[in-house]
Every structure is written in C-alpha cells, then in structure tokens.
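Undergrad: Below, each chain spelled out in residue letters.
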Amino acid sequence: MEQIPNQPTSIAVEDGLRDLQNRTLAKLDGDFARLVYLASTRDYNSGRYAHDGLSFRFTEEVAERVLAEAHRDVFVSLAQRPMKILVAQLEQYINSGCARPDEILTAWHELEPFRILAPEHDDPITVKLFISNIRVALAIVRESWRENQRQ
Amino acid sequence: MSATLVLLWIGSLLLASLVYLLFRPGAESDDDSCLHDGNSALPSARFADRRKEQLERIFGREDWDFIRGSTSEQVQRLFLRERKVIALAWISELRRQAKSGMHLHVARARTSKELQPVVEIKLAVDYYAFLAKCGLIAAIVLLGGPMALRGMVGQAGSLSDNLRGMLDAALKPEAFSQKTGIR
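Chains as they are written, first to last, in the numbering used here: chain A, 1 to 151; chain B, 1 to 183.
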C-alpha cells in the first residue's frame, strides 16, 4: 500500500514559524536581509525549501512549509510598501556589511539578482511591482551613494 | 435618424458577438481548460486588501510625490516608465480574468437548458463595456504620459470593482448547477 506523505499540522507550522522568527529572522538586519536569506533557502533546481536546523527540530515537510510561508509573508510585505520605506530598507541592507556597497550596487544594477527573490507566487502583478520598485529604489540608492562619495 | 441607426448597429454587433461566443468553433477546448482553471479567474476575498494596496502603489500619488520631491530627473523618468509598464500589466491581467470568467460562463451557458437571453445580453453588454473601459484606461496610461498616471487610483478601483461584479454575475454556481448539474 502506498504511503501518504505526512502533511504538516498547522500547530507544527506555527511552532516552526515562531522558531524561525526567534532564532534566525530576528537576528537579521531588516526585511530586505530576511527576504534575501529566505530566498537563499530555496533550491534553484527544485524550487524546494530546506533548512537543516528546522528539519532537525521539526520535520523536512514542516521546515519546507515554514520557510515558504515566511518567504511569502516577507515578500508581500516588502512588495507593497511605499517607495520611501523600500528605499530605506534597501539602504539598510546595502550598508549592513554583507559586501562592499559599491559592489552590491553595481552587481544588482547589472545582473538584477533581485529577480529571484520573489517566492513562487500566485499573483504575477505583485512580483512585477516588486521587481519594478527595486529597480527604481536601486537607482535612488545609487544616486545617493555617488553623491555621498563626491562629498 | 442616424443615432437610431448607430444604436441598431451596436445592438446587432453585441448580439452577433454573443452568438459568436456561444457557438464559435473550437470553443469547446478553450472552455474545458477554463473550467479547470475556473477558480483562478475569480478574485479571491483573501486578496482584496492586497489588491487595494496594489492599486495605491500603482496608481496612487504617494510614491510619485516622494520621487518628484527627492530624486533626479533621470530617476523620475525611470519611475514613470516602470509605473507605466506595471499599470498596463495590471490592466492586461484584469482583461485576462474577465476573459477567463466569460469563457467559463459561456461553457456553462452552452449546456444550460434554460438560457435567459435578456440576462445573457446584459452580461455581454457589461463584458464589452468593461473591455472598452480597460482599453480606454490603457490608452490614457499609454498616451497621457506622467500626468495620466497620477490620481488614477479611483478609475482603477472602479474597474476592479466592475470586474468583481461582472464575474459574480457570470459565475453564479447555483444558477447553472441546478439546471445542468455542473458544480
């Protein structure tokens, strides 16, 4: 008889979300860093999420659901924020020390890696709006960074 | 006299469109795919708030006021170009949803034993009026430039409401399920 895959219970997913929030996401500096982190837990080839710590404490299925939900929440929240706040969030991420600001600004402008930050989403317009907003926010941050370099 | 002729011509066009929608060749396969995809055509209630936020972002003034007040002309041009693309994509998505809804409705109507011509004609009129409004707003966005985008949130909101109302009318499940057994 074929075994039915385990469906994570909503209680387990809630516990997992709390765990992810307290142990990992709370330590990251801003929603942009959280979005980049959560997108990086997704396998490029399969599109599935994986996290050793969460899988160890819960199960692989719970970890996958938790990461997918957290990713979607952070993404939607960022995608619909006013441009002013998005620019501040992007500046915070660029200045957080993950790489040299000029390197990030150049790489993001030329390669547009932010295109893969969107989760598997049911609303294509939200994804388009997010990518478009990041493009504009990036132009604003680049302009402001160049201005600061000149002074 | 000429006004009467124009009205008659529009009426005939709408009737012809309705007949075409109901009996066009190849409609069966399209309709089948829409039946499977029927739920995605309906704007779900859980996205209602998100839609409102989305409209504010795309057509509202807040972002433009910020951009205009604190960035260079180059960034302003980029912003307006990006917003125009998004606005057109949003209108195109509404049209897609309306078309999906109508295909699903037509698929059900074709199997219905008690078709109500008046209701069908009203729905067809609403549908083409909606498509015309989409076209008009797209033309304003496309040709009107920066000024057209500002403050269009009201127009876009009413378009979104029109779509919801039309889909509600077109996809009343109880009406057809009683008559045809389709659920």
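Don't take each hint at face value.
Facing chain B, from chain A, some residues (calculated, C-beta under 8 Å) [claimed, not checked]:
1. Leu28
2. Ser77
3. Lys84
4. Pro124
5. Val127
6. Ser132
The set of hints was computed from the structure by calculation and includes no laboratory data. Ideal Cβ positions, reconstructed from N, Cα and C, are used throughout, including at glycine.
Undergrad: For the hint on Pro124(A), just tell me whether its beta-carbon gets within less than 8 Å of chain B.
TA: holds (7 Å)
Undergrad: Val127(A) was flagged as interface toward chain B. Is the shortest Cβ-Cβ separation under 8 Å?
TA: Cβ of Val127(A) sits 10 Å from chain B, so the hint is violated.
Undergrad: Going by Cβ atoms only, is Ser77(A) closer than 8 Å to chain B?
TA: violated (10 Å)
Undergrad: Checking hints one by one. Is Leu28(A) an interface residue toward chain B, by the C-beta closer than 8 Å rule?
TA: It is violated, given that the least Cβ distance between Leu28(A) and chain B is near 24 Å, above 8 Å.
Undergrad: Should the hint that Lys84(A) touches chain B count as held when the rule is a Cβ pair under 8 Å?
TA: Result: holds, 5 Å to nearest chain B Cβ.
Undergrad: Tell me if the interface restraint on Ser132(A) is satisfied: Cβ within less than 8 Å of some Cβ in chain B.
TA: Holds: closest Cβ of chain B sits about 4 Å from Ser132(A), inside 8 Å.
In terms of the numbered hints stated before, the structure departs from hints 1, 2 and 5, listed from lowest to highest.
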